[in-house]
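Position chain H against the provided structure of chain S, taking the given hints into account.
Line by line, the protein sequences give chains S and H. Numbered according to our numbering, the first sequence spans residues 1 to 119. Numbered according to our numbering, the second sequence spans residues 1 to 169.
Some clues are possibly wrong.
Over the 10 Å line for every Cβ pair with chain H, so calculated as not near, a few chain S residues [said to hold, decoys possible]: (1) 27; (2) 32; (3) 46; (4) 47; (5) 50; (6) 52; (7) 85.
In the DSS-like style, the derived pairs of lysine-lysine whose C-alpha atoms are separated by at most 30 Å in a straight line are [unchecked claim]: (8) S:3 to H:49; (9) H:5 to S:6; (10) H:100 to S:3; (11) H:100 to S:6; (12) S:6 to H:49; (13) H:94 to S:3; (14) H:53 to S:3; (15) S:90 to S:3.
Derived by calculation from the structure, the hints in this document are not laboratory data. Glycine included, C-beta positions come from ideal geometry on N, C-alpha and C.
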Amino acid sequence: MTKGVKLLIGAVIVIFAAAVVFAIIGSKPSDSTWVDIVQNNKVIYHLDLSEEKDRTFKIDYPDGGWNEVQIKDGHISIIDADCPDHTCIKTGELRSESIPIVCLPHKLVIRFSDEGAGE
Amino acid sequence: MKAHKLARLALLTALALIIFIIELRIDIIPIPGAKLGLANIITVYAVYKYNAKETAMIVFARVLLGSIFGGNVSAIMYSMAGAVFCLTGMLLVKRIVPLKYIWLSSIIGAILHNTGQMIVAVIVMRSFAVLSIYPFLLITGCIAGAFTGLCAQLLINRNLDAIDNKNET
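Chain S extracted, bound-state conformation (with noise of 0.2 Å):
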């Protein structure tokens, strides 16, 4: 073993660890109920969650296509889209501060925020 390759191995352990660090701290529950969606990284709905009535809505992105999603329980989740992947339907509920429902093709992420924040 050549010292490039240990000096290799190391680098990946270290990135390795770091990453379930990262992932354990992130991954805890959030216990906010004020969720942003944002577009084009403009914040266009600012939801109190456990106020909001079980609805459902579209959002349109402007260059085509659009994104369901669903308020129901006091959760809110994608439920339908025309993008291809579906990516964001799979994410399911928005549950952890560090998992956003994303939807790339769209520009669109749903994540928890501060109250009152985004503003």
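For chain H alone, coordinates are given in the frame of chain S:
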């Protein structure tokens, strides 16, 4: 380029493409953007068996055709960025990592692939919100990278070229 080599590269591209398309149907990791990256078995194999130009041809043909066949052309920027980072990194790492530690360069390739995609995602979305998923991608990337690397190792140990050359003579 000799016809024989061209045919070989085309065959590898086709193989990678088939693996890629089958993989699109495998949806076991509940993290958005995370994939097994099985098609990279071919990439890792090619990096060690062919020169930089030939490997790049295989990878770019696979990414281009893969996004057309997969019906997700809009995501090609992400795939391309990942592929460029991964390829550049592995070609550099190849200089210090011998054939015996091919899994290591595969892991590094996976890490770089995720990094490239993250950079493009941040640029496209003009927001750092997507970065929070990066650690999860790195973890799955490392594991998947190790797996694909081991697959490529097995492939290389079979010494397909030697068998092939015997058949030709």
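Status of each hint after checking the structure:
1. 27: 8 Å, violated
2. 32: 14 Å, holds
3. 46: 14 Å, holds
4. 47: 16 Å, holds
5. 50: Holds: least Cβ distance 22 Å, greater than 10 Å.
6. 52: The claim stands: residue 52 of chain S keeps its Cβ more than 10 Å from every Cβ of chain H (closest is about 21 Å).
7. 85: 5 Å, violated
8. S:3 to H:49: Given pair residue 3 of chain S, residue 49 of chain H holds - Cα atoms ~23 Å apart, limit 30 Å.
9. H:5 to S:6: 35 Å, violated
10. H:100 to S:3: 14 Å, holds
11. H:100 to S:6: Holds, because 13 Å separates the two Cα atoms, which is no more than 30 Å.
12. S:6 to H:49: Holds, at about 23 Å.
13. H:94 to S:3: The hint holds at about 14 Å.
14. H:53 to S:3: 28 Å, holds
15. S:90 to S:3: Outside the cut-off at roughly 43 Å; violated.
Checked against the numbered hints above, the structure violates hints 1, 7, 9 and 15; every other hint is satisfied.
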